Structure formats: structure tokens, C-alpha cells
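Can you build the whole structure from these sequences, using the hints too?
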Amino acid sequence: MATCVLEIELTHEIRDRQGLGDYGQALVLLRFHGRPLGTMRVPCQDGMLRAADLCTAIESYGNLSRHLTQAALTHWLMQHELPITAQLPTWSIVICTRDRTDDLRRCLDSLLKLQTPGGEVIVVDNAPSDSSTARLVADYPVRYVREDRIGLNWARSRGARVATGDIVIYTDDDVVVDVGWASAILEPFSHPCVAAVTGLTMPLELETEAQELFEAYGGFGRGFRRRVFNYTMMAPSAAGIVGAGANMAIRRELINDMHLFDAELDCGTVARTGGDAYAFYQLLVKGYQIVYTPQALVWHRHRRDYASLRKTLASYSVGGFAFLTRCWLRHGDWQALAVAASWFWNDHLHQLACTLGRRPGYLPLDLVLAQITAIPLGPWAYFVGRRLEGAASAEVVPETVLVRVQP
Amino acid sequence: MSGLACSVVIPSYNRSSTLEMVLRGLERQTIPGVMFETIVVLDGSTDDSAAMLTGWERSANLTNLRWQWQPNSGQAIARNTGVHLAQAPVVVFLDDDVVPEPDLIAAHLRWHEQDTPVAVLGDAHVVREQHDSMYHLGVWAWWEDMYYRRARPGRQPGYRDFCAGNVSLRQEDFSLVGGFDTTFRGYGGEDYELGYRLLRAGVQFLADRSAQACHYHRTTVAGVLRTTRQEAYGDVLLGRKHPELRGGLRLMRIPTGRYGLLVRLALRAPALGDQLMALLKHVLPFYERAKMRRCWLECFNHLRGYAYWRGVRDVLGSWDALLAYQAQAAPIPRARLDISEGLPAELPSLWVDGPSTLSVTWRRQRLGELYLPGPIEVPLRSYLASRIAEQLETRIWIMLSQAEYLPWDSRWLPADPTVPHSGHANWHEEAAA
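Read top to bottom, the protein sequences are chains B and R. The letter at position 80 of the first sequence is residue 80 when you use this note's numbering, and the numbering goes up by one with no holes. The letter at position 188 of the second sequence is residue 188 when you use this note's numbering, and the numbering goes up by one with no holes.
There could be a bad hint or two in this list.
What the hints assert, rightly or not - So these bits of chain R aren't anywhere near chain B, every CB distance computed over 12 Å:
#1 N14
#2 S17
#3 V177
#4 D208
#5 R209
#6 Y216
#7 Y233
#8 H242
#9 V283
#10 A389
What the hints assert, rightly or not - Partial list, derived from the structure: chain B residues whose beta carbon lies under 7 Å from chain R:
#11 L77
#12 P192
#13 T232
#14 W328
Said to hold, decoys possible - Here are some chain B residues pointing at chain R (derived, C-beta under 8 Å):
#15 Q25
#16 T69
#17 M78
#18 Q79
#19 H80
#20 E81
#21 H191
#22 C193
#23 L329
#24 G332
#25 D333
Derived from the structure by calculation, the hints contain no laboratory data. What you are looking at is a predicted structure, and each value in this text was computed from that prediction instead of being measured. All C-beta atoms in this analysis are idealised placements derived from N, C-alpha and C, irrespective of residue type, glycine included.
Here it is, written out as C-alpha cells:
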């Protein structure tokens, strides 16, 4: 049965939620003065989520209730505080899209509600098959740029090159952003060592089994505590844990100077994913910090059908191992081998054992096998990517830029 | 005397190439060259610095350049000599590898216009290179973090904010507190010590992030181990001169675990320790080449920790002398904080340079104590609020329900506050697991 996704602000009165149709349960994101504190699953009955059930659930979720009491106390202690209005840097939101106007429209609608001044929105249309994206975008106060070379990383680099803000905030076309998203993701950049910031990505809907399974597999969630990453506490080649490309911000100078987005990785290449992890890797090895802040919240629509889910999970293996091969062979980073081994052991083999042993929350066998069988494609994708890149750099593709600025 | 607004004092030791870059930086200042003078003190330099300076004097690119050579006697004496030669009311100290940005002197002078006792602390950003070593990345991150924290609004200044690489103050205040203490002969410590005396004399510290310079930090690992050994010497002297500062010094706490063994090695068997560390030093390049960053860091921290405690032994002589030194520490300072109305607008003044204890009360009833390790995090208020919420949570709960004074939505209070939340028990179990 499907799960409905709700958010509840704890400072408001908690009422019964009606009209939930035939959802069997709800995934509830709890917020306290807008700050995400945690999620929990609460059963629904007859299309209704009872306030009493919700309160009991909050009490019984150990970690969450402690988090909540502390948040309430901190808030009370700071009650006389004047809000610190920090000077935020200028920003450019870059959305890379390709023939997905329905998703893009929802994303742009949510971006209109952002309340952070000093920025612009850029839509990078990646090798479109028709002009539908261009026509949709004409109705919104955003810049439109076309990138004809197929590949998410080409589009990301192009976005950074035309951006005018100091910080480039990347998101995908299949997300809906929270009102305070941009401010929250910009705030950590006041520290000079912070090169990138990632945020919390929640599921937009859990309508199908595939979406549930993706969330069960780990989704994009990285917890509800702020974390700071740098090479003294983690292997840079484990950069995948830092966050994902659907919700990240990077200093523009660094993207352009360090060529962070490598054309051999991510969507549109044989490697399929891994472009964001490789960008984080390059920043980490240069001694920069990456901050994960759960306050920067977006809602991501996971793939609905099962076949796409299988493909997505397999592509994580391909991209991840292509990325690790690259760290090892191009950067001479031997730790990447250890990271690869531990990923295989702790993740893939562990999942396989759970599935075979039918432990609670196990993934279907075909999904696990899809991931494991895709592993050898990773190193292969690395070598193919290198050859293709050599060929591509020989022929220079003319850049067509179509920029329209609306106030 | 003249219309000079400030004197730039640069002590230098055998670094003619970066010294020349500093002079070029001074040539490019936005304020006219006649408004400031440059005084270079060569502290026993044996390279071509003197010849280079003579050439500069002759070409007269930099108005008012003067220099003096003296036998090597340490940065403290060299800087005092420089100030002695200075003729302007304001002194800007620069290091011989700190290249000023064009706006630097103007930025410093802005604060000295209203003739109040201030010291302006400027940034000296460590210059990053294409292929930085692990050591350089660490140094860069440390300094950037330090400048960032130092300049955050609401921060109480500490004596360790005063770094003589890029700082300005009135000559009057400098002389009033007696200048740099010349007993500091080695590397480091003398600027902190002066900073402490300035703070006590009521000089205000202002961290201005627009007073920028580039720090061409060219030290190697071997070099930094040598200077760390001398830093320990500076720490011991600082604690001898100002016993009240002892509590915040690194040598007051012997670490536990492996680092504790390192301390014992340095103080009790230095001959063996030196041999071992010489071996360990050869491992570093291997880790660096294999990109084993955490191993490198671990190894480097051991070497550096050993160098520090070896320096302590150089001055104090023995393990027993260290224990005796530690025994004379002043007790950890205490402050009180009443939170019955939330965090008060005026916080008690806390010791920013070392550990202190904060006893938290609720209308004169004691709630508990917080141990605050120095240096204190900023912004201080939110740091304190989250520490108090984390540590004294249950007790505040009890107070609030006894007072029948529930200042915020009470829905999430446990029914009986003396029984911990069902959640808490779970949480501890999770933590234990």
C-alpha cells in the first residue's frame, strides 16, 4: 500500500489530518520552527491520520524525542535573541534538464516561492529533442541556456560558466524545493574553508513499490544533524556519503578553476553517475571542507517504475566504481581500493546476505544482483570514457548559447 | 615629527626573496608613499638581503625606506629595534613573508584615526599553490579558520588573537606596556605575551578582514618540528611570567593514551625518543605519496606532539619539574549564569583563552556545571544554549514543571519529569549499542 508524505510543524497545533484517501501509512517529516528534526512512519486509518497516533509516535521515537526536547530548550534559551542577519553571498541556481517539462514546471513553481534575495535561476537545457523546455521556461523569470553536448556534467559546467553569483546551487528538474532552501544552503559559506554544501533530500511521494524500495535502500537522506566533512576525518574517495547532485552548492570560482565536473562521468556517459562524487573528491583532496546541513531541504520525486529503479541502482554501481577507478589510476589514491572493498563488503554483500536470509527490510534479489553485476562495468566505463574523451577533444563542438534574461 | 602616518616594521632573517616581495607590496599601496615609512631590521641575516636593500634604497622606489643589521637576537628584540627607529604615531608590524595587499595600510589607518587605544589585527592568508603538500593544506586551513573565528561578531578577544605578522597599534600603547619581552629569544610566544599585556592595559582588539596580506609560508616539515619545539619554550616562559595564564597552556594537561606515552618518552627517555622520531619522520613521505592522508596526519601529529614535549623538556629539564610546574596552576576560573528567563542579555565574561567552568543556576538554585574548554566557540550564545540544552536538559525540565512556569508549548513535556522520557532510555541504549 502506498505511503503519503507529510510535514508537520510542531509549533502549530496538531490536528487530525483528513482526506488521505487509501494510504496505509504516512511518512511524516517533523519540523520545529521550520528546522527538520526527523521523520517517522505513522499508520493511517480510513483516510485519516489521528493527532493522538502522531503524538504517541513522537514520544516513542527515542532519538527523535530527545532531539526535539533539546531543540525546544535551545529555542527557549535563545528567546530574547535578535535574529542574526548574516550577509549571504550572491547565488545562481542551476537546473540541468532534458525533455522533462512536467517535472521542470513543478520545480520552477517551487523556486518562485524562494525568499532569498540576490540571485538568479538558470535552466540548462541539455541536448533537447524539441523546443518544449524553451517554451515552458519563457513563462518564468529565469535564464535559459542550451548545452548541445549530451551529458549532465557538460550541462553543469556550462551552468557554472554563465552563472553570475558567487555560489552555484545545483538541483535537478525532478525536485521541489523548500521555501528556506537557498538561504540554508548559502549560510555555511561564510566560513572560508567551506567549498561546497549539501542538503537534505526527502522523497516527494511514495506512491509505488519502486519508490518505497529506493527509500528503503537509503534514498538520499543523510540524517538530521549538521556535519562537516574534510580529509582528516574521511577518505576523500568515500565522497559519495557527502551528498548528492540534486541538492548541492559549490563556489563558482572553484568549479571553473578546477574543472570540477568531468565530462567522462555522470548521466549521458557510459559511467552514468558519479559526477557529483568526483567533484566532492577533488575539493576534499585540496583540503576544503564540505558541510551537510539538513536545513537545506528539497523533495525529490524518485523513479516510479521498477525497471527504472533497477537501472538507477545499477548505475550507482557503475558510476561509483568508475569514480573509484579514476581516483586510483589518475590520482594515485590507493585508499580508493579500500573504499571500493568496503563498499562491496558492507553494502552489496551485506544486502545479498539480508536478501538470502530474508531479514526484515530486505531488497528483492534482482535489485541486489543488478547492483553486483554492474560493478565490473565501472572500471570498464572509466577506460571507455578516457578513449571517448580523447576523440571528443579532437573535434571541437561549437557552442550555441541562447540567453534570455527576464527581470 | 613629519607628516608620517605610520611606520611599517619588518624583522627579517635570511629571506631576501620574500622580503623583496613584501617591499614590492608596500610600493603598491593605495595611500601615498610619503605618508608611511618602512623599517627593515635584518636580524643577523647572512644572505643577500643587505645588498638587496641597498639597491632598493638607491633606486628610491619606496619612499622612506630604512634598514638596520643587527646580530641575530630573535624577533622580539628585532621588532623593538624597529619601533625604536620608528617616527610615526602608528606602527604596523609585518613579517618578512607577509606580502601586503594594496589596501593594507589604509585599512589599518582607518581605525587609528580616532586616537583610541586599539590594535588592528589583519589577515595573512596562506598562499595556496597548485600542488600543495599535506602540511601546507593543514596550515592553510588552520589559519583561515583562525581568521574567520577571530573576526566573528560578538567574539571576546583573547591574547592568542594577537599575531605579529600583520598587526598595527599606536606607538604610545606599545611603549606604555614596555614593548616585546626580550627574554623570548626563540620562535613564537612573544607576540601572544605582548597581546596579553595590551589587553590588560585596556587596548581594544579589532579584527579587520579587509586588512589583507598574503603569507608565503615556505616551511618544511622538519622546519615546523623545530619551531614547535621552540613554541614549547615560549609557552613555559609565558606561564612563568603570567601564572594566571597557565591553565590555558597546552603543557598543563598530559594527554591520555598514545599521546601520553609520547609525553613520557619525550620527558623521561629523550635519547630513545629522538631516535624513534627520526625513524618516524622517514615514513611521512611514503604516506604522502600513497595519498594515505589520515595515516600521514596521525604520524605528523605524533611527531609534532613529541617535538612540543621535547621542547618542554629542553626548558624544564625533567618529568618532576613538569609536575611541579603544573602544580602551581591557578584554579580554573568560574562564572555564574542564571537562566530562569532564558539566556540573559549580558553574558558573564568568560575566559576565552583557557578552560573555565560555568555554574548554571535557576533563581539561585544550582542546576549544574558546564566545563568550557578554551578557546571558546563562536557565536558564543548559541554555543552556550546548545551545551546547556544538551547537558542540563532533565534538570531544567524539573525546574520548569515545579515552577509551574511553562514558557513554551508544554505538549512535549514528559508527564512525570522525574521519570526520564521513554525516548531517553531508548536513546541511551542506541548509543551503547
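Hint by hint, here is what the structure shows:
| no. | hint | in the structure |
| --- | --- | --- |
| 1 | N14 | holds (28 Å) |
| 2 | S17 | holds (25 Å) |
| 3 | V177 | holds (32 Å) |
| 4 | D208 | holds (15 Å) |
| 5 | R209 | violated (10 Å) |
| 6 | Y216 | holds (17 Å) |
| 7 | Y233 | holds (28 Å) |
| 8 | H242 | holds (32 Å) |
| 9 | V283 | holds (15 Å) |
| 10 | A389 | violated (4 Å) |
| 11 | L77 | holds (4 Å) |
| 12 | P192 | holds (5 Å) |
| 13 | T232 | holds (6 Å) |
| 14 | W328 | violated (10 Å) |
| 15 | Q25 | violated (21 Å) |
| 16 | T69 | holds (6 Å) |
| 17 | M78 | holds (5 Å) |
| 18 | Q79 | holds (5 Å) |
| 19 | H80 | holds (6 Å) |
| 20 | E81 | holds (6 Å) |
| 21 | H191 | holds (6 Å) |
| 22 | C193 | holds (5 Å) |
| 23 | L329 | violated (12 Å) |
| 24 | G332 | holds (6 Å) |
| 25 | D333 | holds (4 Å) |
Hints 5, 10, 14, 15 and 23 from the earlier list are contradicted by this structure; the remaining hints agree with it.
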